[in-house]
Every structure is written in structure tokens, then in C-alpha cells.
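Asker: So the chains spell out like this:
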Amino acid sequence: MATEVILPRLGQGMESGTIVRWLKSEGETVERGEPLFELDTDKVTQEVEAEASGVLLRIAVAEGEVPVGRTVAFIGAEGEDVPEVAEPVAEAVPEAEAPVEASNRLLQAEAQPWIERRSRPEPGAAANGRIKASPLARRMARERGLDLAAIHGTGPDGRIVAEDVERAEAGGEAPPASNRLLQAPVPAGEVERRPLSNVRKTIARRLTQAWQVPVFQLQASADMTRVNALVAKLREREPELRVTVTDVLTKVCAAALVRHREVNAEWTDEAILLHPSANVGIAVAAPQGLVVPVIRGAERLSLAEIATLRTDLVARARENRLRAEDLDGGTFTLSNLGMYAVESFTAVLNPPQAAIVAVGATEERVVPVGGELAVRPMLTLVVTFDHRAVDGAPAAAFLRAVKEGLEEPGLAL
Amino acid sequence: MPELTYREAVRDALVQAMREDEDVFVVGEDIAEMGGSMGVTAGMVDEFGPERVRNAPISEMAIAGAAIGAALQGMRPVAEIMYEDFLTLATEQIVNQAAKHRYMSGGQVSVPVVFRTQGGAGWSPGAQHAQQLEAWFVHIPGLKVVFASTPEDVRGLLWSSIYDDNPVVFFEHRTLYPIKGEVPEEIEPIPLGRARVHREGADVTVIATGRLVHESLKAAEEAEGDGISVEVVDPRTLQPLDEETLVASVKKTNRAVVAHEAVTRMGFGAEVAAVLQYQAFDWLDAPIERVGARFAPLAFAPVMEAFVVPHAEDVLAAIKRTVGKE
Chain A
19 MATEVILPRL GQGMESGTIV RWLKSEGETV ERGEPLFELD TDKVTQEVEA
69 EASGVLLRIA VAEGEVPVGR TVAFIGAEGE DVPEVAEPVA EAVPEAEAPV
119 EASNRLLQAE AQPWIERRSR PEPGAAANGR IKASPLARRM ARERGLDLAA
169 IHGTGPDGRI VAEDVERAEA GGEAPPASNR LLQAPVPAGE VERRPLSNVR
219 KTIARRLTQA WQVPVFQLQA SADMTRVNAL VAKLREREPE LRVTVTDVLT
269 KVCAAALVRH REVNAEWTDE AILLHPSANV GIAVAAPQGL VVPVIRGAER
319 LSLAEIATLR TDLVARAREN RLRAEDLDGG TFTLSNLGMY AVESFTAVLN
369 PPQAAIVAVG ATEERVVPVG GELAVRPMLT LVVTFDHRAV DGAPAAAFLR
419 AVKEGLEEPG LAL
Chain D
550 MPELTYREAV RDALVQAMRE DEDVFVVGED IAEMGGSMGV TAGMVDEFGP
600 ERVRNAPISE MAIAGAAIGA ALQGMRPVAE IMYEDFLTLA TEQIVNQAAK
650 HRYMSGGQVS VPVVFRTQGG AGWSPGAQHA QQLEAWFVHI PGLKVVFAST
700 PEDVRGLLWS SIYDDNPVVF FEHRTLYPIK GEVPEEIEPI PLGRARVHRE
750 GADVTVIATG RLVHESLKAA EEAEGDGISV EVVDPRTLQP LDEETLVASV
800 KKTNRAVVAH EAVTRMGFGA EVAAVLQYQA FDWLDAPIER VGARFAPLAF
850 APVMEAFVVP HAEDVLAAIK RTVGKE
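Taken in sequence, the protein lines are chains A and D.
Numbered according to this note's numbering, the first sequence spans residues 19 to 431.
Numbered according to this note's numbering, the second sequence spans residues 550 to 875.
Keep in mind that the hints are not guaranteed to be accurate.
As the list claims (entries may be wrong) - Across the chosen pairs, the derived CB separations fall in these ranges: (1) A:Val100 to D:Lys767: 26 to 36 Å; (2) A:Glu46 to D:Gly776: 41 to 51 Å; (3) A:Glu81 to D:Ala823: 37 to 47 Å.
Said to hold, decoys possible - Think about it this way: if two alpha-carbon atoms lie no more than 20 Å apart in a straight line, the pair counts; the simulated DMTMM-like pairs of lysine to aspartate or glutamate are: (4) D:Lys800 to A:Glu288; (5) D:Lys869 to A:Glu181; (6) A:Lys150 to A:Glu96; (7) D:Lys800 to A:Glu184; (8) D:Lys800 to A:Glu161.
Unchecked claim - Some chain D residues judged to face chain A by a derived CB distance under 10 Å, without partners named: (9) Leu621; (10) Asn803; (11) Asp834; (12) Pro836; (13) Pro851; (14) Glu862; (15) Ala866; (16) Arg870.
Since the hints were made in silico from the structure, they are not lab data.
Even glycine gets a Cβ: it sits at the ideal position worked out from N, Cα and C.
The following block holds chain A by itself, in its conformation from the complex (with noise of 0.2 Å):
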């Protein structure tokens, strides 16, 4: 009996994952633990391994978009059969090759009368990616091997029902007015046209979502002077570590949350959560796009130990390396633009985290340090927080216990 490679669910909250290639093909042999398959979710791009080992019989899924839990594959002894799967064509989502398909059917469009085209309901497919579409339209889609996202619904809320798809088929099928705008002519070499990847629509709807969530900003400047002098000590001692800034703020941050918990929340409908642990998130900037994987339970590691998970999940972000759980789990985001001369900024929100720390560079600064002019080096820090979860004075609180960490860093250690 042949065994199924089922698509996997990499994160919490992951629906469908998109194989972008197989490292495997049909008919070689696979052991268990073996990667097989790529496999780009919302968060990361990640290599799937066999769970059993045997011959690749069929590649069900050659790339495309799959709901978690379909088949993809099968695995199994040689010559053996396998049974059939519907490819799931019909039901994934728009992939980067629409855009040749939808200007098609431009083409097609503009020869019909322009009085078709006018005043069309809704599209079937809606914002959050699930395409409304009668179970019998879907029949009829899949039977006929028409992609649902290019399809125009005109039932109620824009839900696709089978005229759409008898018309659709017919190719009477006319793009919204505003995919119209999108795909006018060009001269060619001018707009470079780039699909959104799932990260990118990921970080587009999170960071959507944040905008709705009602904010404020505090800032403070902390002297680094003693910071500076604890990085390059430990750098002089264990010089194969690297310990940063960034490394100290995580411990520094995470020693504040802890201590002022109602900072490290999340707000629902229902409650606040205070989270019992600081799960720190670093904002990078990966080749792929902003990731923001996390150094869990950081008020309990020492700053040798941050630094190794650090260093690890940075190469990795950088490599487009990260697993699904390397990114889930934060209750907190610090944000470092230091090393771009950035003086201070303000990020948005990580939903559902209830704070996020924007960090800037370190640059000497006149003070005053009693009574005198002083030069010291000074960090500014802009922490954002969600209202709904956090008032001003105990997120003023939770700055104060960051500045004071910084600049007293035995504190937090």
C-alpha cells in the first residue's frame, strides 16, 4: 500500500502552503528524513521530509498552491499503483502565472460591446483570499478546469455561481474595472512588474491589521556606555560569539517584560493575555522581505545564549532557512535600524503583540551629565503600544525598566 505525502501543517494558522519544487522526482528512491519537496507558506519557505521511505510512485502536486492536508504525493514500493487524486487545480489560488491568463483575457474582453462590461458586482474573489463560490459552481469550475480566481461572481456578495462559470467558460468573461487599469499597455522596460510572493501578502495583511489598532508612542534615549564596554568585554573573551547590541537589548527587554508583564500582552475581544514568558522577536531584513523570528523565553537565557540563537536565526532568515516554528510565538518585537544611521523611528505594531521597539543608531551626543557637557554615546528607543491592551503610565514604566537596563545592564543580567 502505497503511503500518502500529506501537505503539512507547518504553523498554527497555516491553511495551504505552495510547493514551489520538488528535490525529488518519480521514480527515485526516498528515504524517510529526506527532504522532498519545498514548500513556501505565508512565513517561510521550508524543506518538507519524507516520513517514509520507498520510491517516489507520483508526484500528485508538481507546484502550485495546496490545502493543508491534500496529497501531494505518493510513496511506496516499486511498480506498485497508486490511486487517483483530482489535481487541485480548480481550487488554488491565483499564482504568479495569472497575470498572462488575465491580460488574455483582456484581449478577448476588449473585442466584446462595452456595455457588457459595465457596472459588475463585486469579484468572487474576496480580500482574505477565500473565493465565494456556490459548491455547484465549484463543481462546474473544476469539472471544466477553470480557475475560480479569474472568474467574476455575480451572485450575492459577489459569490460565483454557475452562469459566472458557463460564461466564463463561453469567454464572455470581462476583469473588473480595476484589474483594467493594472494591465493597461506599457511601453515595455518601464514598470517592472513583481507578483506578491506569500510573505509579501503576509506582511501586507498583518501590517494592515495593525493599522487599525488604536496606538501611542513613547520614547526615551539611553546612554550606552556601559553597554558598549559589556559588549566589547564579552567580545574580547569570546570572540567566536558576537555578541550586540541588539543582543543586549533582547535580554534587557526581556528582563523589562517580565517585569512589567502587562506590557508583553495581547489584546482580543475577550481578554487581555499577559503572556508568562518573553518570546522576543528581531525584525530582519531577509531577501524575501521583513521576517521576524523569535528568541523565546529570553529573560531566562544569558546573553552568550541569546547570542548563539541569534546568530543562528539571522543566517537563516538571510538564507530563506527558517522553519515555521522559528517564527511563531512571539509576544514582542524589537525592530533595530541602528546600522542604517537611522536616529530614531517608529515601527507598527506586530499584531497581536501589544508593543514593538523601534531602535536607532548609537551616536555620540552632547549631554549633560552634572552640570557638565558630556559626550556619550546615546541610543533612542520608540516603543509602540497597542491602547487597547496598555495604558501610558505602565508602558512609560516598562520604558523606564529598559532605559535603566541599558544603561545599568547588571540590572537585567
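For this one, chain A is given, so just place chain D on it according to the hints.
Answerer: Below, chain D without anything else, positioned relative to chain A:
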């Protein structure tokens, strides 16, 4: 073909069964000289005498219990419960006794009893004399439930119910008694569990029971004027349910409305909708619509009563929603 009213059709089935079969008798409140509160058994006592057209004390539990006892002894009694609201008083006998004996005795006894009853709004009987409680009984394994909507159906189905070896709760609708319809010369028994397609259509299937069959046929006429072709199907027997006919119709039309006078919530229509969505899921082009009474005790004031229960225009509105022409 002769024409009978729904009331006469019920009586005709009773009379013919009693003429043919000594084991058949009727029992109920005021059914002899008075002919029953709805006049269904009028005149029968003259032909069959007070032994076989038995007046009962005002105790629905006693009527049901006596009928069950007689059925266990091999007779085929037809008990009349004056208003289906009063089924509540006989429910212990019907649900705990009639429905269970055949099963609990391992088939050693059967309970071939019919509980005839009537109900329904439309004539201001108030909150305690017009309910539609069929959903209570379709939920009980061991009972068959019939709800006929035409003279022909009521006669043929009552005949089959009398000769079914299981207890049957037989619902009639108060406002249907005067309607007339053609019936076959000879009684043609209608098997329990077979739906009737009253009208064929292509765009939407209305599955209706009782009075709502007639309201749905009216709605279908009107919808036709709007270019919507409506199929109207009456399951007639609610338990067992002719799922095959209902599902086949919806697979043809791709849209469904379920309509009954009983309260929509948790009603018989909910079960029909569940059957359809499961067996015809990939054929549905619109959510299944349900039409029924509002979740409120029935009002006495005619205007309010009309507001609570559904009519043809409610069915029509539901039909239009399914085809997106609201």
C-alpha cells in the same frame, strides 16, 4: 373522477376501511353524535354504532393509551386527537409506548395505530389551538409521520397508515378541510415515504408541507411571471422521508426552498436542508432557504397571526433570493 373535499376524503378513507375490516374503529372526543370538532366523522356513528365510533372522555392520554392497547391486541384503531396542541397530553403514550413496543418486544408485538390530528393557523384559534408540532414526532424512532395536503393524498395516505403495522402520527391541516379535489373512483393506497411532485420546474425546488404546498404553488405561479421556473414537491410522509425524490429534484434545479407553517427554527425543514446539503452539495448554486413561522407563540389577532405564519409572498421572496433576483 369524483371530487371530494379534504374533510370528505378523510371520512371516506375511515368509512371504507371500517366497512371492509372489523378491526378498524375510531375513538376520540365528541366524534360520535357531534361528528368531531371539525366534522370529519359526521354521520359515521349512524352507520357503525357507538362501539366502533367511540366517544372518549376528555383525556388524550386515555384515548392514546386505549388505542395502543387495542392495537397491541391486533385491532387497527384510529384515534382522533382533537387539536395537535393536545398531542402534548398524549405524548407519553405515543413516544414512550407506541413507538417502543415493537422494538422492545423484539418484534413479538406490533402497534398498528393511527393518531389523527389537525392544527394550523389562519382562523384565529390562538396560541394553544393552532400549532404545527410535526417536528416533535419526526424525531422519534419508531413513529411514522404523515402530513397530507390534498384530498387525494389524504385519503390514500390515511388508508396506508391504517394498514401500516407501525404507529403513525397523521397530521391534517385545519384550513385544508374545505378544499376540493379530484380523487380516484376507488381508493388508491399511497405508499408511505413517497413524495409527490406537484409542479415541475427548472430553476428552484420548493419542498413544502401542508398548507404551504398550496402557498408554494401560488408563489410558483407568480415566480413564473418573473421568468423563474419553480418545482414544487410535497414529501407527504415526513418520516420516512423520500430523500431520493427531494435530492433528485434539487440536483436538477440546483436551488432549494423548504417551506412549512411550523416554526422555522429546529423545524422539519432544517432536517430537509441538512439532507439536501449533504447529498446534493456539489449541485447547490445558492444557500438553501427556509420558510416557516416566526419564533413566537401564535397570536390571536388575525393581523398578528398572519404576521407570524408564512404565506405565498414569503415563499416567493425566498425563491427570488435563491436565484439572486431579490
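Asker: To test your reading of the hints: which numbers does this structure violate?
Answerer: 1, 2, 4, 6, 9, 13, 14 and 15
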